[in-house]
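Trainee: Turn these sequences into a full structure, and let the hints guide you.
What follows is each chain in one-letter form.
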Amino acid sequence: MISKFEVQETNRMIEESNLDVRTITMGISLLDCADADIDVFCRKIYDKITSAARDLVAVGDDIGRQFGIPIVNKRIAVTPVSIAAAGAGAVRYASVARTLDRAAAAVGVNFIGGYSALIHKGSTPADKALVDSIPEALSETERVCASVNVGSSRAGINMNAVRRMGEIIREMAHLTRDRGSIACAKFVVFCNAVEDNPFLAGAFHGVGERDRVINVGVSGPGVVKQALTETKGADFETLCETVKRTAFKITRAGQLVAQEASRRLNVPFGIIDLSLAPTPAVGDSVAEILMEMGLEQPGAPGTTAAVAILNDNVKKGGIMASSCVGGLSGAFIPVSEDHGMIEAVRCGALTLEKLEAMTCVCSVGLDMVAVPGDTPAETISGLIADEMAIGMINHKTTAVRIIPAAGKHVGDMVEFGGLLGSAPVMAVNRFDCAPFIRRGGRIPPPVHSFKN
Amino acid sequence: MKGIITVLGQDRVGIIARVCTYLAEQDINILDISQTIVHGYFNMVMMVDLTENKGSFEQTAAGLEEIGRSIGVRIKLQREDIFDAMHRV
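Just so you know, the protein sequences line up as chains A and B, in that order.
Numbers 416 to 867, taken from this note's numbering, label the letters of the first sequence in order.
Numbers 20 to 108, taken from this note's numbering, label the letters of the second sequence in order.
Derived by calculation from the structure, the hints in this document are not laboratory data.
All C-beta atoms in this analysis are idealised placements derived from N, C-alpha and C, irrespective of residue type, glycine included.
Hints are not guaranteed to be accurate.
To be verified - So, partial list: chain A residues that the calculated Cβ filter (under 8 Å) puts toward chain B:
hint	residue
1	422
2	517
3	644
4	668
As the list claims (entries may be wrong) - In silico lysine to aspartate or glutamate, EDC-like type, Cα no more than 20 Å apart, as pairs:
hint	chain 1	residue 1	chain 2	residue 2
5	A	543	A	586
6	A	659	B	103
7	B	95	A	477
8	A	419	B	103
Claimed, not checked - According to the in silico footprint, chain B covers these stretches of chain A (three or more CB under 8 Å from chain B):
hint	segment
9	423–435
10	479–488
Mentor: Here it is in structure tokens:
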């Protein structure tokens, strides 16, 4: 029998510490929609998505009510469009993005991911056409998210692609200059992208996946922070144990929701992603956890160690709670989506370079970082190259979601609204890297990739 | 299916009576009740069996919330699974 204290603990986590299930994401394969005619392809994907995900939002909301735990987002990830649409040839793919946008609106999800290309070793004509269309696609749609994988530990880094990423990021910043360059907030550049990530903007449905799958992203930085408040000043062993125990409980809640959603939607359950994802709300912040550990601000000396402790123990607790852990699974440190990170940047504690160091030990990378609108494309590519190198060498996923906010300067704020929050424009190292980026070609994989 | 009902709020006469009467009307059997009053603050956790429930889960949850509003306490119905999942290895 569950005790009264256990009931109260769970409900306090939900009501006072913002415990929620961040997303139920349905992965949908578009491979069987392939067609030589792009219009027919669009019709097929619209029909498949709207039929497969018809009940996703209603079922998600209903499960949330029954367990009494909010399920914040219901989302969709599809097969990378450059693969699914390749049969139509290298045509203008923006119509596919508009179709995805309409399908997402029809079923009521707030984001749909998979306007993507995997070009870590090289590009097909379809990949090139898709990449070229990303600025138009993201500036003309509301719910579509795009991602490009430009590197992997096995293949190295496609530096031609890295160079192109800087250009298209600048282009989409310009196209959405009246809206805080918001298109950039829906675009992620990856190294070692995962095929079962439920979190947008980087989610896509990998080609090794089933026709449909339910992946769930849990969250709960507020719960971890509260647990640490209750063990204030304790030693590191106690700190680690507290994070682990809390992550276990959070993950179990996510697993239950995932299994229930899978059963009701009659779609196989894929994975639980253990990422601690913040929102702009106070009390739902990864930065607050770092401060609770004893840092005056994120960015202070010790921050990288604190992130490493947090990330590792979330995984240890979560892996004990579920046999199906996948996705990105680590602490997210998006600047614009975490009020504590925003404050740390504003007061000068957190710089781009420290964020980069933090990404060596956590799941993603430079996430939702705004930089001055006049940052050269090559400099953006340089930042991407650094982040991709961290991923490649360390066999981990890294990502860059960077917003060169048009017309903005260091210290200005850029408003995105909703879960995307608002970002302070950060200073970028002003020294040039253009000749390095312009070399082109591919950085070969590191020696430790040759494991066979 | 088992459910957990939590009731929180200012203590007054008849809280348990109102909740239990409603549950009886709905054919919901009470399996366990734990209740405390601290400084006039009423706190009850109740485990119930919803197998014979006349209405749907949503209707019952809404009915309990409505009773809560009428007597000035907060009543919440949740499936038991969430607590089991989080607190049992």
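Trainee: Take the hints in turn and mark each one as holding or not.
Mentor: Status of the hints after comparison with the structure:
1. 422: Holds, because the Cβ-Cβ distance from residue 422/A to chain B comes to roughly 5 Å (cut-off 8 Å).
2. 517: violated (30 Å)
3. 644: violated (19 Å)
4. 668: Result: holds, 6 Å to nearest chain B Cβ.
5. 543/A <-> 586/A: Holds: residue 543/A and residue 586/A sit about 16 Å apart, inside 20 Å.
6. 659/A <-> 103/B: This hinted pair holds, its Cα atoms lying about 18 Å apart.
7. 95/B <-> 477/A: Status holds; Cα separation ~15 Å.
8. 419/A <-> 103/B: holds (12 Å)
9. 423–435: holds (count 4)
10. 479–488: As far as the segment 479–488 of chain A goes, the hint holds, because 5 residues have Cβ atoms under 8 Å from chain B.
Going through the hint list in order, the structure does not satisfy hints 2, 3.
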